[in-house]
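Chains as they are written, first to last, in the numbering used here: chain A, 29 to 542; chain B, 25 to 123; chain C, 183 to 867; chain D, 269 to 753.
Keep in mind the hints are simulated off the structure, nothing from the lab. Among these hints, one or two may not hold up.
Here are the simulated BS3-like pairs of lysine-lysine, each with C-alpha atoms no more than 30 Å apart in a straight line [claimed, not checked]:
1) C:K711 <-> C:K616
2) A:K408 <-> C:K206
3) B:K77 <-> D:K460
4) A:K408 <-> C:K211
5) C:K206 <-> A:K489
Stretches of chain A that chain D covers, calculated by requiring three or more beta carbons in the stretch to come under 8 Å of a beta carbon on chain D [to be verified]:
6) 93-103
7) 182-194
8) 198-207
9) 213-223
Here chain D is said to cover these stretches of chain B; the calculated rule only asks that three of the stretch's residues, wherever they fall, bring their Cβ under 8 Å from a Cβ of chain D [to be verified]:
10) 57-69
11) 80-89
12) 97-106
Heads up, the beta-carbon is just placed ideally off N, CA and C, and yes, glycines get one too.
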Amino acid sequence: MHWFDDWALTLAVFIPLVGLAAVLFIPRAHEQAIKTTALVASLATLAVGVGILADFNYSQGGKLQFIVDKSWIPLIKARYHMGVDGISLPLLILSMLMVVLCIIYSWNHFPEPHNPKAFLALILLLAVGMNGTFVAQDLILFFVFFEIVLLPMFFMIGVWGGPNRQYAAIKFFLFTLFGSALMLVSFLAIFFLSKHQTFQMPQLAQFGGSGIASGTQALVFGGLFLGFAIKVPMFPFHTWLPDAHTEAPTVGSVLLAAILLKLGAYGFIRIALPILPAAARAWAPWIGLLAVIAIIYGALCCLAQRDMKRLIAFSSVSHMGFVMLGIATLTSFGINAAVFGMVAHGLITGLLFFVAGSVQERYKTREMNRLGGLLTQAPKLGWILGFTVMASLGLPGLAGFWGEFPAILSAYNPAKLTQGLFNGDQLLTFRVYLVVAAIGTVLAAGYLLWMLQRVAFGAVKAEFENVHIHDVHVSEWIAWVPLLLLIVALGIYPNLIFHITHGAVSNVSKVFGG
Amino acid sequence: MQLNEFLILAAFLFCTGAYGVLARRNGVLVLMSIELMLNAVNINLVAFSAFTKNVSGQIFALFIITIAAAEVGVGLAIVLLIYRNLHSPDLDEVDQLKG
Amino acid sequence: MLENAWIIPTLPAVAFVAIVFFGKRSPGKGAFVGIAAVGASFVASCVAAGQWIQRVDNATGKSEGLAAFTKGVVSAGGAHAVQPVTESITWWQNGSIKFGVGTFVDGLTVMMVVVVTLISLLVQIYSTAYMRGDRRYTWYFAALSLFTASMLTLVVASNTIQLLVGWELVGVCSFMLIGHWWEEPANSRAAIKAFLTTRTGDIGLMIGIIILFFTVGSFGIGATNLYATSGHAQHAFLLAAAVCLLVAIIGKSGQFPLHTWLPDAMAGPTPVSALIHAATMVVAGVFLGARLYPVFFNGFSIGHGGVNAMALVGGVTIIIGAALAFVQTDIKKVLAYSTISQLGYMVMALGVGAWSAAVFHLFTHAFFKALLFLGAGSVSHAAGHSFDMREMGGLRKKMPITFWTFVIGSLALAGIFPLAGFWSKDEILVNAGKNGYTAFLVVGLIGAFLTAAYMTRVVYLTFFGEYRGHEHPHESERAITIPLVILGALSVGAGLVNAAPLGLEKIKDWVQPQVAFPHLNNAAFDYPKAILSVSIALAAIVIAGYYWLRRDELRAFRGLTERNALARSGYQFLVNKYYLDYLYEDIIVDGIRGAVARASYWVNQHVIDGVVNGLGSGSTRIARYTYDVIDQRVVDGAANGIALETDRAGAEVRGFQSGHVQRYALVLFGGVGLLSLALFLINIH
Amino acid sequence: MNPHVDFHAFAPEIVLTVTIVAVLIADLFTDDSKLPARIAALGVLGSLVPVLTLAVDGQTRSLFGGAFVVDPFSLVLTGFFLVAGYVTLLLSFDYIGEGDYYQGEFYVLLLTSLLGMIVISSARDLISIFVALETITIPTFVLAGWRKHDTKSNEASLKYFLIGVLSSAVMLYGMSLVFGLANSTVLVDIHKYASGHTPALFAVAVFLTLVGFAFKVSAVPFHFWAPDTYEGAPTPVTAFLSVASKAGGFVALLTIVRLGFFPSGNSWQPILWVLAAASMTLGNLAALRQTNIVRMLAYSSIAQGGFILVPLAVAGDVRGNAAWQAVVIYILIYGAMNLGAFAAVIAAARRTRSAEISRLAGFGRTNPAIAVMFSVFLFSLAGIPPLAGWFAKFVMFRAVFDANTTVAVVLGVIAAVNSVIAFFYYSGVVRRLWFDEPAAGVELSSPRLPVGLSAAMGLMTAVILVVGVYPQFFARLGEIAFQRG
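Go ahead and model the full structure; you've got the sequences and the hints to work with.
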């Protein structure tokens, strides 16, 4: 298996690219061949992921494994350096899995205008970027992968989106472009400020920002913060998200929610915290503040929605608030919870968007006022919605809980920070956050249950009484069952994730004494 | 004669040429004004060359004279072309492209 | 079985999965699977109980329990104390610290598992008849199984996280079951209300657990209790945790002021109500209080007399619950308020240091409250699915079994000697008095009076007089009556478990923890007080009975609410449930959903997004300006301006308004000239 | 003085000159309209051979007292100009062939201009730089007016000519002053002079000299000719102007600054700073408002020119060669993407018969292949990874942060803001291509796409993708260019 250790990550990142090339060379008329090729490519990628899972040394989860470190752009000292550790692994696998499921879901659900070739090609390109971001260990490589995802998503929203798609697509792109420009600038600053002049994350993390004046560090961290916060998205940089989600085609929303949002939070954990720990200490109370604002604010906005997808989109803002709160505590509890929260949110919100897409496909509307009685017309779909809602509101025993509760828990006792917000008492600051976040869980239950009530419960509205509503299709089942199973499995036995992450997270948090 | 006197002459010629370029409506006159400016440069070069005993200034001037000839040739061709198409050598009337 | 207590919750959980996936094709459409699982669970619970009793009885002089008590918890109750049995496996980890999931079995646990599985078993049997023909019959049994499993998980939890898991699952199951008939918007509204209200309380649980974790350093229940009793506990943190947990209890156990969901929860099927009120949902709060009692005891400094929050909440709830029970016309709602009131007794008992009394009351209450609900269900099942007492009456003859069991339940609830309720309620009152909480003793007595009175009203309205409905009532079938009879028997006999005058104090012996527990002195049986309370109850029955029997003749009272403004407003106050629902639903909930949410969204769309769009349109505007004005006009305009200036200077330049090319040239020269000058000046030093 | 002439060093120029003569002769003596084109293409490729042999040889050759130097820098750029010229030829074949114009002269002029470019990459003396610059420019005056019956083309030519000649005059005036002060036309000597204490007049002389280059690279405020000329000239010529000719200006600018004026940072850094900031900002903002694709690309290339100027403007504070490398790498990448973009414009215009952006609505549905490549070029110009443009921007920012002075960082911020603004109009075209429904009433004629055009687009797409993923290709070239031979 030695060759596998060396090649696994390269394969994981570039098999989709090969698939993409293959898809491009198949004439558009051969739809079946295109679909099969794309599916095979994504499955092969997933198989590599399974291989990585099997071969991963879990007792050394804190160490980078499957390292590839080859020359890439010597001129700027950027290297083709990739590796996985316990933080990357779950997200990498999640991304591989979601791509497969999305392709399966699309099988008979290609959005209009009907063009499976382009659609699948874009999904595969997305896969390249997503997988690459999670394994890159070089800042420039990370940046490139981080940006690769923009183009396919831009086209996905812009071509296959809803009526307001152009606005949403451009907004999405500009926001993230703006963020990543600042991020790149920060990377360069890190490069030149650190005495080693390197883009290698492990070295930079070891270096830990020593020798950089704290003011400069805070400034550079600010750049990283904006870049990542926009992607997360954190309040108040979130406004691209509802539009993008609302307009995007189902699969686009799913990938956006499940994977793309994780890139930002992952960036915080992987890059911002380890490389600039002193600045992280200074920024943490503010990040925490924005996180709890997002929790409450996102929830309140949810309550005002009539559009199902838009509601779910705002719920992402709220849920990512918990993730960010966990990160802001700089403790191993918090960061573990954040990684878990990312995976859980990926599975759950991904599924929610799937279901919302299927509802829209059947009823041709997402207006919750017009919907109702889904449980009567399509009971299975209704139950899946109900299940996902329960998972999303953080019901213990399902995956969502393990991202939420430990994050709240961690806010009780954050790592030693530079200062707090209220009269400088960091403990008080974060304990206030804790209470606010806990209140957020009630609001979450509120908006999700109200959505469930309006969509699934009650009687069927007159306009749809005589419409034939097909219950869950085969392709939908295949796409959803893995998610359902994972949500339950992770909820019942959370150590599935925690035992992978804890080592790597300890590496991050030990700098902060947590 | 001092070097400065040549330089002032050259500057004066250059400005005169520039004024001609700006003020003349007739394309041919504009071309002649340009010629004036280039010759101002030549005076400069030759003057420097003479005062510093460095021959490359004069070589430079020779090159400029040659190239100026070519430029004016092209310029005249363009003005002619415009005259043929617009039946006027007036540069005022050349303003289709804008915005 | 004590080591393998995980089997007890697992059986119904497996049944849940089995019913969901195979229920429709299995015999009894899933009902049999559920009954079999919970039955097996019940057996296992009984075995566990037996083993525990044996263990306690053997414990004198032996210390074999010590080895089983892990996680560094050492005995605090002397060498001979019986240790709980804990088992644990790694569940999740953080850094190098591993957190377990497992079982914590002691007397309280075994008592609870027996009660929960028994009630659940009876309810499921009852449901086979009651729910027959329901369109989601199979799903109903699946949900009941999950409900039971969740409650059992909570009960056997070895740590607070697991307890939280069970707690939330119980909540969601009650959501599903209350909203079982979700076609009616009212039902799903009630379900959501129940869920949200209890979840509001759960904030307290969550925060309480977190405070305890960071104070104690462990989620373990044993460790937490040991810490709380250790003497070096930080009182401030315990107090904070106790307050938070009390909020959780208030939410879950329907205590004032978060009790309003409980009556609405009657929207669910009646057997579910029985389960919720007797065994699974609402008693979780009281169980929490009992489980982590040292935290409350030391946090609230219970046992030092005076008033503490816990006792106060319980006491207030007793009265307000009982008072509301008077004005209900729906039989289930009366019972619901009665539950609220009875739970108030338990919470108050905990608050006044009467731990074993509280647990004892939980135990007995489970039986008679389940009995009453199932009885009410039986009535409505027979009388056209109505719970409105105005449409009942005179059912005494038509449904004798239901009638007699219901009367037993009512008497037990009213605390009439020698039924179960008497013993437990009496113990609460005695201990309240003994521990110096005289005020709460009085409250308890008033409560007893009210309880007896409103139950008399219910019994009268339902079973006496003439039948006022339009159906043909008849006795229910055996699947319904057998549970009633069993529960009736238990309502009579369960009190003997801890009948002090008879020398039976098994709750104290078997159930009360012997390690990591505050030192409590249980009061001896007090005859005067017992007689007093029974007399009060009897008096209430007599007075109420007299009022209802002779109502027509008591003109002074008839129409009192119409004539007397004070009485009317009092009545209105009660009918409107102290306006709490109005406060919660119309002001808080609608406020958040409506005004606050809409305002936030408005801010989002107009302020935050506005900034973004403003930036966008702003830069477009800048672009337009740059292009139209700067590039196309200022450049040109400057040219024109300069041209004008030059124009004045010399007449020759009149024809200067040449074509664009020359304007460009002008700018070129102008720029060059100016910049040269500037550079010259800069570099001149 | 009888200098030994190293003919190997001159070989690319010689091959190209021979080709020019051959094209002239072929045009005179045959009626085969395709022959001149073929000879031109072969000649350009043939000129690449000596470039390669010189590269293999690896020796630095200095001729005419240092006025003409063959070193890695000149070889890299000679190679670039020849390839760019070849691609321009590919674009031109059918465009020129289908119009009713003289073909032979077209190729002669194009190749002559190209000759000027490869000379300029070796020129190390004010005179040779001037001569080469004029050799580049004068043929393009004619080329811009190639469609001689089209008044727009006439106008483009006239404007280009007048402004070009004027800026030449200003530049020459500056050069004459430089000569007077430094007493030499060779850059090495000027470098020595600039190292000492220089009078204020030197700054003015430097500035006047730079004006000529600013015109060539169409830096704001010397850019006015560009949009008009670009719009009026035949599109392949526009492509040539915006890439090769502009690059020629940059090469000359780079040479003269690096080897000549460098020590006197005060005299050139502020100028370049202002030019860079103004070009980026004005170019981008003006591009936002364009409805004509060629005009938009004109403003875009003004803005891109601004980006290329950024490393130059901060070069004084950058360690080692990073700034120069950034310029060369940017030029190489810019050449590929801009040529590609113009190729796509030509291809699209063959279908839509218009250069209006609005006419491109829904083009992606009807012509996916062209539209995909078009999008690749545009996004690359916008600097989106994994397309080559990101690397160009990256090295530019890298130079800024390497310099790490306040003015540099301010310029970097301006550049960052501008790269976000730029995305607006590039994506605007892409949105038209893909997101819009084909407009009603637009009939898309679809004649066969010429092979040359498809080849050019395919080649540029490949370059952009490969360099985007593995930028070391061009990074290495940038590195080599400044290695001491």
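Against the structure, the hints come out as follows:
1. The hinted pair formed by C:K711 and C:K616 meets the criterion: a straight-line CA distance of about 11 Å does not exceed 30 Å.
2. Among the hinted pairs, A:K408 with C:K206 is consistent with the structure: their alpha-carbon atoms are about 14 Å apart, no more than 30 Å.
3. Taking the CA atoms of B:K77 and D:K460, the gap is near 19 Å; set against the 30 Å cutoff, the hint holds.
4. A threshold of 30 Å between alpha carbons decides the hint, and for A:K408 with C:K211 the separation of about 18 Å falls inside it, so the pair holds.
5. Of the supplied pair hints, the one linking C:K206 and A:K489 holds, its CA atoms being roughly 28 Å apart against a limit of 30 Å.
6. Note: the segment 93-103 of chain A has 5 residues with beta-carbon separation from chain D under 8 Å; the three-residue rule is met and the coverage holds.
7. For the segment 182-194 of chain A, the proposed coverage by chain D is satisfied: 6 residues have a C-beta within less than 8 Å of a C-beta in that chain, meeting the threshold of three.
8. Proximity of the segment 198-207 of chain A to chain D, defined as three or more residues with a beta carbon under 8 Å from a beta carbon of that chain, is established by the 5 residues found.
9. With 5 residues carrying a beta carbon less than 8 Å from a beta carbon of chain D, the segment 213-223 of chain A meets the three-residue requirement, and the given coverage holds.
10. By the rule of at least three residues with a Cβ nearer than 8 Å to a Cβ of chain D, the coverage given for the segment 57-69 of chain B holds, with 7 such residues.
11. Counting residues of the segment 80-89 of chain B whose C-beta lies closer than 8 Å to any C-beta of chain D gives 6; at least three are required, and the coverage claim holds.
12. Note: the segment 97-106 of chain B has 7 residues with beta-carbon separation from chain D under 8 Å; the three-residue rule is met and the coverage holds.
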